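J.: Please take these sequences and the hints and turn them into a complete structure.
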Amino acid sequence: MRTLAHESLYLLLGLPTGIAMFTLVTTGWSTAIGTLITFIGIPLAVLTVFATRGLANIERKRSGLVLGQPVPAVYKARLPLRRDDWRELRVIWERLRAIAVDRQTWKDLGYSLLSLLTGTAGFTIVVTAWSTTLALLTAPAWWWLVEDSSIGIDLTGVDIGIGHVDLDGWVAAGGGFAAGLVLLPISIVLVHGAARVSAAMASALLGPGKRDLEERVEHLEETRAGAVDAARLELERIERDLHDGAQARIVAVAMDLGRAEQKLAAGEGAEAAELVREAREETQRALAELRDLARGIRPALLSERGLQEAITSLTARAGVPATVEYRVSGRLSAAIDTAAYFVTAEALANIAKHAAASSAAVRVERRGNRLEVEVRDDGGGGADAGGGGLTGLRKRVEALDGTLLISSPSGGPTILRAELPCA
Amino acid sequence: MRVVIAEDLALLRDGISRLLEDNGCEVVAAVEDGEALIEAIEGQRPDVAVVDVRLPPSFRDEGIRAALEARRRVPGLPVLVLSQYVERVFAKELLADGSGGVGYLLKDRVADPAEFVDAVRRVAAGGTAMDPEVVAQLVAGRGPARLEELTPRERDVLSLMAEGRSNNAIAAGLVVTEGAVEKHISNIFGKLGLPPSEGDHRRVLAVLAWLGE
Chain A
0 MRTLAHESLY
10 LLLGLPTGIA
20 MFTLVTTGWS
30 TAIGTLITFI
40 GIPLAVLTVF
50 ATRGLANIER
60 KRSGLVLGQP
70 VPAVYKARLP
80 LRRDDWRELR
90 VIWERLRAIA
100 VDRQTWKDLG
110 YSLLSLLTGT
120 AGFTIVVTAW
130 STTLALLTAP
140 AWWWLVEDSS
150 IGIDLTGVDI
160 GIGHVDLDGW
170 VAAGGGFAAG
180 LVLLPISIVL
190 VHGAARVSAA
200 MASALLGPGK
210 RDLEERVEHL
220 EETRAGAVDA
230 ARLELERIER
240 DLHDGAQARI
250 VAVAMDLGRA
260 EQKLAAGEGA
270 EAAELVREAR
280 EETQRALAEL
290 RDLARGIRPA
300 LLSERGLQEA
310 ITSLTARAGV
320 PATVEYRVSG
330 RLSAAIDTAA
340 YFVTAEALAN
350 IAKHAAASSA
360 AVRVERRGNR
370 LEVEVRDDGG
380 GGADAGGGGL
390 TGLRKRVEAL
400 DGTLLISSPS
410 GGPTILRAEL
420 PCA
Chain B
0 MRVVIAEDLA
10 LLRDGISRLL
20 EDNGCEVVAA
30 VEDGEALIEA
40 IEGQRPDVAV
50 VDVRLPPSFR
60 DEGIRAALEA
70 RRRVPGLPVL
80 VLSQYVERVF
90 AKELLADGSG
100 GVGYLLKDRV
110 ADPAEFVDAV
120 RRVAAGGTAM
130 DPEVVAQLVA
140 GRGPARLEEL
150 TPRERDVLSL
160 MAEGRSNNAI
170 AAGLVVTEGA
180 VEKHISNIFG
190 KLGLPPSEGD
200 HRRVLAVLAW
210 LGE
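Protein chains in written order, with numbering that gives the first Met the number 0: chain A, 0 to 422; chain B, 0 to 212.
Everything labelled a hint here was simulated from the structure, so no lab data went into it. All values reported here derive from a predicted model rather than from experimental measurement. Positions of the beta carbon are idealized from the N, C-alpha and C atoms, including for glycine. Heads up, a few of these hints could be off.
[Said to hold, decoys possible] Example chain B residues on the side facing chain A (calculated, C-beta under 10 Å, incomplete):
hint	residue
1	D7
2	L8
3	L10
4	D13
5	G14
6	I15
7	R17
8	D21
9	R53
10	D107
11	V109
12	A110
13	A113
14	E114
[Unchecked claim] Some chain B residues near chain A, calculated using beta-carbon distances under 7 Å:
hint	residue
15	L11
16	L18
17	Q83
18	K106
19	D111
20	P112
T.: Structure representation (structure tokens):
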């Protein structure tokens, strides 16, 4: 009964959504193509794609009525709808390209064009089947009502869709009821079948196809290898830092103390004191390096006080004045906030080292089920996205199923943005 | 004694230079990489080269390779290799040509200037200076089966001998007479089936060769 009600509701809703989708894509695309030579055509096309996605998402949810759960969306490209994005030509281009090569964009379009046809068909089937069946089953009631009532409305003829039946006697009314009984299972099968076919189409066109799944597996394999690689590079870096840093300093301290001992034995007190002072200073440097190294592995402040304070502390130590805009409610997983922290740390370190910037701005914001971490500067641009630090960062972000976007045209500014999933 | 130093970290390069100069050595060149080391060795013909294992550009075993190359170009050139960790395989490579004048020490050993300078002098004189850690790894690599015939005292003597110590130094280290050390050594050679060798250095090389087999 519940299933049947869901299926009927599903088919009834198919007509308005079908009309909406069909109208949207036909008017949207024809207007966009018509105005393509003026610059308004491209934003219009993007707007159409975006609106189609909105309706497609409603369709995915509607299919959930029949399938038990909504059809999953598999968009690869996000839309360039942030105000900032439109200022960056490269970002716009990348996003437009991504939309165009995203198979789902075109599957959405195909679905929209078909949706009017399937929506109308489904609507007609469900309305006809139920109205006919109900009318026939209630035929005796109609006849009895009309016979006994004194209202005097002429209800001797009931239009039941398959023709005009005159209810002019017990026999006809009884016959109608019997026909209704026969029609009931047929209606159930019809509604069920129509709903299944329509939902199967939604699943095929709006959900992930075999190629999407293959690509997903490929992507996961790549990013997993990247994650392993990033971990190895990180360990190598730590080993190098230890070898050239604290370890070497402690060797130097031992050496200074050994020499000081020799000087003392030889009665050269002043020189011995100088060596001891050098050794003490070297110890302090070794400690500072060990502290930095530990912070580079997992900053204590991040564990103790969370991302906001850790990032604020990073900007306070950055080489240039930096502002923080932090808009995150709720808790983030440790993996995500560590990644967000290191994106900020690496970006600020790069700005201090290479950008020749006078200020930087950090924005950490949760948008839906995504965490955006953006660091921009007002420097000279020209950052090398393939450089060691940024490659490591990209692998780190991709390992979490995120994306790293770098825009650094010559002349600046440089924008580094990581988008991390945080469901 | 004229010394060439190859060490990429300025902090340690300067420290080792000063330590050696304090102790009467002349540092004729202090360089940062393997290429400069070979150049300095060919130009300066020092009495000994002190070389860090890890040098640019690869930061792996550049120093070992540079040292081996230097010994190939200047046969018999004494080389003392320093490292923050010891690897048996590096020790074996250094000992592979069977001639003396090699050393392989942990950098930690610079903490005792007198000992360190003694090791540099020993190597410069054609002897060996193996870090106790290296010897321990070589001994461990031989496996207990081949060493269990030795008494604990003989094993101590073997280790000290492998480090490159003279009979005199071994005797002092173990607080026994030189005569007793000589007796231990001849027992060790007998038990391990090594041919009796003349002179400290040859004996040490025989022991190291046996350990490194």
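J.: Would you pick out the hints that fail for this structure and give their numbers low to high?
T.: Violated: none.
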